[in-house]
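K.L.:
Just so you know, the sequences run in chain order A and B.
All residue numbers for the first sequence refer to this note's numbering, where the first residue is 1 and numbers rise by one.
All residue numbers for the second sequence refer to this note's numbering, where the first residue is 1 and numbers rise by one.
No lab work stands behind these hints, which were simulated from the structure alone.
Among the hints, erroneous ones may be present.
What the hints assert, rightly or not - Heads up, simulated BS3-like pairs for lysine-lysine below, C-alpha to C-alpha not over 30 angstroms straight-line:
| no. | chain 1 | residue 1 | chain 2 | residue 2 |
| --- | --- | --- | --- | --- |
| 1 | B | LYS66 | B | LYS175 |
| 2 | A | LYS385 | A | LYS363 |
| 3 | A | LYS330 | B | LYS330 |
| 4 | A | LYS238 | B | LYS238 |
| 5 | B | LYS259 | B | LYS369 |
| 6 | B | LYS168 | B | LYS66 |
No experiment lies behind these values; they were computed from the predicted model shown.
2 protein chains.
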Amino acid sequence: MPTKYEQKLNIDKNTVRIREGRKMKVAIIGSGNSGLAMAAHMSFTGNKVYLWNRSGEHIEELVEEKTVEAMGALVGTFPLEMVTTDMGDVIREAKAVFVTTPATSHHDLARLMAPHLRDGHIVVLNPGRTFGAIDFKDELLKHGNFHQVDILETQTIIYTCRKITPRKVNIIALKRDVLISTFAGIDLPEILRRLPDELNRFYIPAESMVETSIGNVGMIFHCAPMLLNTGWVESGHKFRYYREGISRTVADFIENIDKERQEVAKLLKHPVISAKEWLAHSYGLECTSLYECIQSNPSYGEIFAPANLNYRYIYEDIPFGLVPLESMGKDLGLSMRYTGLVIDLANALLGENFRETGRTAEKLHIDYKDLMRGVRVEDIEEENKKGDEEY
Amino acid sequence: MPTKYEQKLNIDKNTVRIREGRKMKVAIIGSGNSGLAMAAHMSFTGNKVYLWNRSGEHIEELVEEKTVEAMGALVGTFPLEMVTTDMGDVIREAKAVFVTTPATSHHDLARLMAPHLRDGHIVVLNPGRTFGAIDFKDELLKHGNFHQVDILETQTIIYTCRKITPRKVNIIALKRDVLISTFAGIDLPEILRRLPDELNRFYIPAESMVETSIGNVGMIFHCAPMLLNTGWVESGHKFRYYREGISRTVADFIENIDKERQEVAKLLKHPVISAKEWLAHSYGLECTSLYECIQSNPSYGEIFAPANLNYRYIYEDIPFGLVPLESMGKDLGLSMRYTGLVIDLANALLGENFRETGRTAEKLHIDYKDLMRGVRVEDIEEENKKGDEEY
Numbered sequence: 001m002p003t004k005y006e007q008k009l010n011i012d013k014n015t016v017r018i019r020e021g022r023k024m025k026v027a028i029i030g031s032g033n034s035g036l037a038m039a040a041h042m043s044f045t046g047n048k049v050y051l052w053n054r055s056g057e058h059i060e061e062l063v064e065e066k067t068v069e070a071m072g073a074l075v076g077t078f079p080l081e082m083v084t085t086d087m088g089d090v091i092r093e094a095k096a097v098f099v100t101t102p103a104t105s106h107h108d109l110a111r112l113m114a115p116h117l118r119d120g121h122i123v124v125l126n127p128g129r130t131f132g133a134i135d136f137k138d139e140l141l142k143h144g145n146f147h148q149v150d151i152l153e154t155q156t157i158i159y160t161c162r163k164i165t166p167r168k169v170n171i172i173a174l175k176r177d178v179l180i181s182t183f184a185g186i187d188l189p190e191i192l193r194r195l196p197d198e199l200n201r202f203y204i205p206a207e208s209m210v211e212t213s214i215g216n217v218g219m220i221f222h223c224a225p226m227l228l229n230t231g232w233v234e235s236g237h238k239f240r241y242y243r244e245g246i247s248r249t250v251a252d253f254i255e256n257i258d259k260e261r262q263e264v265a266k267l268l269k270h271p272v273i274s275a276k277e278w279l280a281h282s283y284g285l286e287c288t289s290l291y292e293c294i295q296s297n298p299s300y301g302e303i304f305a306p307a308n309l310n311y312r313y314i315y316e317d318i319p320f321g322l323v324p325l326e327s328m329g330k331d332l333g334l335s336m337r338y339t340g341l342v343i344d345l346a347n348a349l350l351g352e353n354f355r356e357t358g359r360t361a362e363k364l365h366i367d368y369k370d371l372m373r374g375v376r377v378e379d380i381e382e383e384n385k386k387g388d389e390e391y
Numbered sequence: 001m002p003t004k005y006e007q008k009l010n011i012d013k014n015t016v017r018i019r020e021g022r023k024m025k026v027a028i029i030g031s032g033n034s035g036l037a038m039a040a041h042m043s044f045t046g047n048k049v050y051l052w053n054r055s056g057e058h059i060e061e062l063v064e065e066k067t068v069e070a071m072g073a074l075v076g077t078f079p080l081e082m083v084t085t086d087m088g089d090v091i092r093e094a095k096a097v098f099v100t101t102p103a104t105s106h107h108d109l110a111r112l113m114a115p116h117l118r119d120g121h122i123v124v125l126n127p128g129r130t131f132g133a134i135d136f137k138d139e140l141l142k143h144g145n146f147h148q149v150d151i152l153e154t155q156t157i158i159y160t161c162r163k164i165t166p167r168k169v170n171i172i173a174l175k176r177d178v179l180i181s182t183f184a185g186i187d188l189p190e191i192l193r194r195l196p197d198e199l200n201r202f203y204i205p206a207e208s209m210v211e212t213s214i215g216n217v218g219m220i221f222h223c224a225p226m227l228l229n230t231g232w233v234e235s236g237h238k239f240r241y242y243r244e245g246i247s248r249t250v251a252d253f254i255e256n257i258d259k260e261r262q263e264v265a266k267l268l269k270h271p272v273i274s275a276k277e278w279l280a281h282s283y284g285l286e287c288t289s290l291y292e293c294i295q296s297n298p299s300y301g302e303i304f305a306p307a308n309l310n311y312r313y314i315y316e317d318i319p320f321g322l323v324p325l326e327s328m329g330k331d332l333g334l335s336m337r338y339t340g341l342v343i344d345l346a347n348a349l350l351g352e353n354f355r356e357t358g359r360t361a362e363k364l365h366i367d368y369k370d371l372m373r374g375v376r377v378e379d380i381e382e383e384n385k386k387g388d389e390e391y
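Just need the whole structure built from these sequences, with the hints factored in.
P.N.:
Below is the structure:
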């Protein structure tokens, strides 16, 4: 009998023998929701998993058991090769490095990885949010790593999931056709061939980083619905984040933000699909409005809201999503009314200045318009050398 | 044994014989929450109540029974002299006219009253929101009523209440020291002596219309908490509007709006107390932060949120509160960041343009700064005559 996971993916064991693809050593960075999901998925499909986490505090059980448990779309207990807080150890073992932490940690991770990454290493940001790969490469260069390390960014994480205990994750769904991209002039298919076969069943190469950086839909689903439910989030009442939190008025509002996102991509000559289309495609739904897609997505049925605003939906998706989006849009002559309003509101509610702390093209000394023709690694290297000369 | 109402107000029947004050015929305009509460209160204290409502639809029972029922702070069934949809009928009977409907209806009411109001009539707007008395007088003049009609505005309604059926109201609390004001150069104490004694136990004459117009605290409590709970409001779940909807982050946010309101009043030379101080005083609470005052106010325990955004908390308090406040503040050189953000958010969520539809000093052809020295009735009359000459 096929597992739930195999049923879900319509895998016929007789034709596709998923345990027989290319097996690899993979480093998974972060043991949060998606880190555990990816660890389980990779281990299940026969890869050797080297799991890293910043803090040793919540991974005692993982270290001790050296297994990860999954339920939902994938059921079972799966072995881990290594569980550690030592970055050097996992990177020395595995050439393929999968970052699953929020974008807020990308700078720190680049700094920690810089001494260990060598020619042939591949770092995949799952996802990169906006400008993820550029920022990561930039940071590696700043920390003196000029090796031939490939940095890829995805548009979203494959897994819709929630960690249940420090060692167990509920994998609600695996999304299909997750866009992945890298710098211009790089042979992306060649890099992808150096990743586990299993992942290539989910990743789809994008034509441009615009598709992943601006195709980042987290900023549409995560920011405004949190803020527009501030009292509810802080009330202590449990509620379904998507199903209940995104009411009709909230859905209409985020569709307006989404139109601004699409407009930016269009002006950058790499149109992206709408959040509604993305939802329908990723989850295989048939629905005509964003509200309806959310209501009819079975995978959203048991996703509950966080209990306070101090959460990645705000602290990651605003500075690493809406802020760069707004800065590009304004520069392109758009009003960015809805996007700007959400940033203003977050700043006012939380006493933050996300435009200051956020990831903007300016800070990366890269003209974001280069995204149109494609940013090359050399562009960033040159900029970093220029920077050096100025000292 | 004293009634609950008397206990609440610490009335000693032996010293204060509340049934023996001056009794009057009073017209009460509107049979909503506060219209019914006021009708019950006035009838209980021996006045003859003439109740008007725009629509005949929901008042069949009131018309038939000619009584209103109250529970809570005032318990009993009280006779009504008249219940009608004919404005002329109530105004011909009563010299004291109490408007209890949202400010959105003030223009229509002025138009309906204009043919009937005569010298000696007093119209009290409970409350006027911002610029209520000026706008009402202006509208009467526009409709050709140049009689000596006094227009008063209060800072808030006396009653914290909720209608339970078309004929029954739950009076949760009666607020003390409700500010009331009128135009400059008018003998307000003389007018107040022509109102029922009972009301003068609650009304406190203000020094300036600034104190009622900018002292309007509804705009602080009503707008932002609704918008910051949009999903919850539309979810169909019942929740306590103040206690649960105004979480810490929401409370901090509305305190920032309140600071802007106080700043405007200060620049107009008539400082107003903060929403926190107002709450503590009106309800007799001891508390140190706005959040704490809300949490500790027993009268807020059973006030539930409306089930959609199409409610006076938005459609009255934004155009008749925050919009004029913002316009004054900006003109005075303040950023009005928080106030403006709430208006922007409401506009974006609801597809409205409240700055366009709202009540601004500009539209009243009155320099709001005249509020400092006091607007006289003659100022408005002159402006209206000027207007006529332009035709």
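K.L.:
Indicate, hint by hint, whether the structure satisfies it.
P.N.:
Going through the hints against the structure:
1. This hinted pair checks out: LYS66(B) and LYS175(B) have alpha carbons roughly 27 angstroms apart, not beyond 30 angstroms.
2. Restraint check for LYS385(A) and LYS363(A): satisfied, since their Cα atoms lie roughly 15 angstroms apart, inside the 30 angstroms limit.
3. Note on LYS330(A) and LYS330(B): the hinted pairing holds, with a Cα-Cα distance of about 24 angstroms set against a maximum of 30 angstroms.
4. As the CA atoms of LYS238(A) and LYS238(B) are separated by approximately 14 angstroms, the hinted pair is consistent with the 30 angstroms bound.
5. This hinted pair checks out: LYS259(B) and LYS369(B) have alpha carbons roughly 19 angstroms apart, not beyond 30 angstroms.
6. Of the supplied pair hints, the one linking LYS168(B) and LYS66(B) holds, its CA atoms being roughly 12 angstroms apart against a limit of 30 angstroms.
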